[in-house]
Structures are given as C-alpha cells and as structure tokens.
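**Q** Sequence:
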Amino acid sequence: MTFDSTTKPFHVSFVCTGNICRSPMAALVFGEHLRRAGLADRVEVSSAGTGPWHVGESADPRTSAVLADHGYPTEHTAAQLDEYHLDADLLLAMDAGHLRVIRDAINNPDRARLLRSFDPKSDEWAEVPDPYFGGERGFDGVLEMIEAAMPGLLDWVRAGLGEQRSTSSSETVS
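Position 156, counted from 1, in the sequence shown is what the UniProt record's numbering calls 156; the numbers after and before it change by one each time, with no gaps.
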C-alpha cells in the first residue's frame with residue numbers, strides 16, 4: 001500500500017467502546033511515536049468510541065495516569081465513531097466487536113484491522129482487553145500491548161508513505 005500524503009495527511013483512527021481508555025491511549029501513544037519519528041505532519045491520528053456514553057469527557061483518570069507516568073501526552077476529549085473516523089485510511093479496533101462495527105460501516109473492510117495485529121509476538125486476532133472495570137494494573141497491561149504494536153504500525157505507515165525506517169533512539173519513549 002502506498003499513500004500520497006501530498007494532498008492530505010494519512011489518517012489513522014483508533015476505535016474502542018467508550019473512547020476513554022484503550023483508543024485514546026493508543027492514539028496518544030501513536031501520536032508521540034509519529035512526532036519522534038518526524039512524521040507527525042504527514043499522519044493524522046484520531047480515536048472514537050462505538051457508543052455515545054462518554055462523548056465530550058476526558059480520558060479515564062487511570063488512562064491519563066498511566067500515560068503521564070510513561071511520558072506520553074494526556075489531553076483527550078471522547079468522541080463517538082462517525083464519518084470523520086470512518087473515512088480514515090486505517091481504522092484500528094481494540095477488539096473483535098469493534099472490528100465488526102467498523103467493517104459493517106465501511107466499503108473496504110481491508111482498511112480495518114485489530115491493533116495487536118501489528119505486534120509480531122501476537123496473533124492476528126489478539127485483542128486489547130477493556131480495563132475499565134478492573135484495577136490500575138489493567139491499564140498498565142493495556143499500555144504494554146499498545147506499545148508492543150507501535151513499531152510494526154509505524155513501519156507499516158512509513159512503508160505506505162514511502163519512508164525508510166529510522167532506527168533513531170529519539171523514537172524510543174521511556
């Protein structure tokens with residue numbers, strides 16, 4: 001897949017249930033990886049929930065705490081999945097239910113896949129579990145899963161943009 005980002009940025013949208021835990025965490029982490037890779041101006045990142053429950057709210061405080069503890073940005077306002085998100089070049093679902101919702105709503109189901117399919121140590125159908133009803137450790141685990149998918153996702157986007165992979169240590173987020 002090659003994408004011409006001279007006319008508009010490549011758009012990646014992350015999708016979960018309420019857009020306060022998993023998808024904003026993934027979007028903020030990916031945005032930071034793009035910034036460190038020098039690609040933030042060529043890739044647009046968004047996130048949304050499949051339902052309206054938290055529209056307009058900030059990320060769950062546990063999401064924000066885990067992100068801040070690891071040096072990631074935390075600013076987020078929840079949104080519900082709409083045409084803006086569905087028009088993304090790549091839609092990344094956190095679980096199979098989200099993937100079904102997305103694929104039912106778009107013309108080209110190849111534009112949607114599970115986020116963890118970019119993690120070489122996970123199988124293609126691995127999901128990011130919802131930490132909402134659990135404790136703090138669940139949010140740490142979600143961040144670990146998201147971070148594990150970032151190198152593969154970044155390489156995939158680079159390839160689509162015609163970029164070569166950079167092994168710069170400035171891309172590593174601690």
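Accuracy of the hints is not assured; some may be wrong.
[Stated by the list, open to error] In the DMTMM-like style, the derived pairs of lysine to aspartate or glutamate whose C-alpha atoms are separated by at most 25 Å in a straight line are:
| # | residue 1 | residue 2 |
| --- | --- | --- |
| 1 | K121 | D110 |
| 2 | K8 | D95 |
| 3 | K8 | D82 |
| 4 | K8 | E75 |
| 5 | K121 | D87 |
| 6 | K121 | E147 |
| 7 | K121 | D82 |
| 8 | K121 | E136 |
| 9 | K121 | E163 |
| 10 | K121 | E57 |
Honestly, the hints are just simulated from the structure, not real lab data. These numbers were taken from a predicted model, which means no experiment stands behind them.
**Q** A separate judgement is required for each hint: does it hold in the structure or not?
**A** So, going through the hints one by one against the coordinates:
For the hint linking K121 to D110, the alpha-carbon distance of about 21 Å falls within 25 Å, and the restraint holds. A hinted pair counts as satisfied when its Cα atoms are at most 25 Å apart, and K8 with D95 does not qualify at roughly 28 Å. A C-alpha spacing of about 19 Å is found between K8 and D82, which places the hinted pair at or below 25 Å, so the restraint holds. For the proposed pair K8 and E75, the alpha carbon gap of about 24 Å is at most 25 Å, so the pair holds.
Distance restraint check for K121 and D87: the Cα-Cα separation of roughly 29 Å exceeds the 25 Å cut-off, and the hinted pair is therefore not satisfied. The straight-line distance between the Cα atoms of K121 and E147 is roughly 12 Å, inside the 25 Å bound, and the hint therefore holds. Straight-line distance between C-alpha atoms of K121 and D82 comes to about 32 Å, which puts the hinted pair past the 25 Å bound. For the hint pairing K121 with E136, the CA-to-CA distance comes to about 24 Å; that is within 25 Å, so the pair holds.
The hinted pair formed by K121 and E163 meets the criterion: a straight-line CA distance of about 24 Å does not exceed 25 Å. A distance of roughly 33 Å separates the Cα atoms of K121 and E57; the hinted pair therefore is violated under the 25 Å criterion.
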